[in-house]
Amino acid sequence: KAGVTQTPRYLIKTRGQQVTLSCSPISGHRSVSWYQQTPGQGLQFLFEYFSETQRNKGNFPGRFSGRQFSNSRSEMNVSTLELGDSALYLCASSLSSGPLSGNTIYFGEGSWLTVV
Amino acid sequence: AQSVTQLGSHVSVSEGALVLLRCNYSSSVPPYLFWYVQYPNQGLQLLLKYTTGATLVKGINGFEAEFKKSETSFHLTKPSAHMSDAAEYFCAVHNFNKFYFGSGTKLNVKP
Numbered sequence: 011k012a013g014v015t016q017t018p019r020y021l022i023k024t025r026g027q028q029v030t031l032s033c034s035p036i037s038g039h040r041s042v043s044w045y046q047q048t049p050g051q052g053l054q055f056l057f058e059y060f061s062e063t064q065r066n067k068g069n070f071p072g073r074f075s076g077r078q079f080s081n082s083r084s085e086m087n088v089s090t091l092e093l094g095d096s097a098l099y100l101c102a103s104s105l106s107s108g109p110l111s112g113n114t115i116y117f118g119e120g121s122w123l124t125v126v
Numbered sequence: 107a108q109s110v111t112q113l114g115s116h117v118s119v120s121e122g123a124l125v126l127l128r129c130n131y132s133s134s135v136p137p138y139l140f141w142y143v144q145y146p147n148q149g150l151q152l153l154l155k156y157t158t159g160a161t162l163v164k165g166i167n168g169f170e171a172e173f174k175k176s177e178t179s180f181h182l183t184k185p186s187a188h189m190s191d192a193a194e195y196f197c198a199v200h201n202f203n204k205f206y207f208g209s210g211t212k213l214n215v216k217p
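Those protein sequence lines, which keep their order, are chains A and B. If you read the first sequence in the working numbering, its first letter stands for residue 11, the second for the next number, and so on. If you read the second sequence in the working numbering, its first letter stands for residue 107, the second for the next number, and so on.
The shape of chain A in the complex, shown without the other chains (with noise of 0.2 Å):
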């Protein structure tokens, strides 16, 4: 069973600029979430989709914005692009999404993106 893929893996990008990450979960599982791991900040939570409605969000500011498609494959944007975004972005999903489920999560091994 394939694991959560993420696209790409690395990239760069210059201050300004957008960016758009790719998840494609593990089959059947249709909830994704979206994280950003830096060393100052840790792990921290973006926002979760499911069946293709954003559920939950994280502190961020709206440049960062996600969206899910009907397949479950997921995408978040960022734009206007900072110094400050350079980061391990990870992606995970689960089967479902509901409250007190307790459902395990398993991560995508993440996009690097560094702004420069």
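Simulated from the structure, these hints should not be mistaken for lab results. These figures come from a predicted structure and were not determined experimentally. Warning: the hint list may mix true and false statements.
What the hints assert, rightly or not - Some, not all, of what chain A presents toward chain B, calculated at C-beta under 7 Å:
(1) Gly-52
(2) Leu-53
(3) Asn-66
(4) Leu-100
(5) Thr-114
(6) Phe-117
(7) Gly-118
(8) Glu-119
(9) Gly-120
C-beta: ideal position from N, C-alpha, C; glycine also.
Starting from the known structure of chain A, arrange chain B on it as the hints suggest.
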């Protein structure tokens, strides 16, 4: 509000020694607790999880963790460290559709 505290950002043990990584949480409702491991340049891999039932949970690679409600702790242990255990370990709480991660503990294993 939920929070996860991992005591010690860096832990160093000798190969063959006991590994103990500490995790305390705060949660307004009974939590679901997880430990993940991250090897360099990789994503996070699930080690083990506690949802309900037995409070001692066994995971992969010989790791286990015990949920202690009275202490609000979920410490990760392994009786004998191996060089391949060197990685960063994250404790996490899952509540209300969100995961809350600790800041991570980097485990160094000395030969």
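Going down the list of hints, with the structure as the test:
1. Gly-52: Holds: closest Cβ of chain B sits about 5 Å from A:Gly-52, inside 7 Å.
2. Leu-53: holds (4 Å)
3. Asn-66: holds (5 Å)
4. Leu-100: holds (6 Å)
5. Thr-114: holds (6 Å)
6. Phe-117: Cβ of A:Phe-117 sits 4 Å from chain B, so the hint holds.
7. Gly-118: With Cβ-Cβ at 5 Å, under 7 Å, it holds.
8. Glu-119: holds (4 Å)
9. Gly-120: At 5 Å from the nearest chain B Cβ, A:Gly-120 passes the 7 Å test, so the hint holds.
Checked against the numbered hints listed earlier, the structure breaks none of them; every hint is satisfied.
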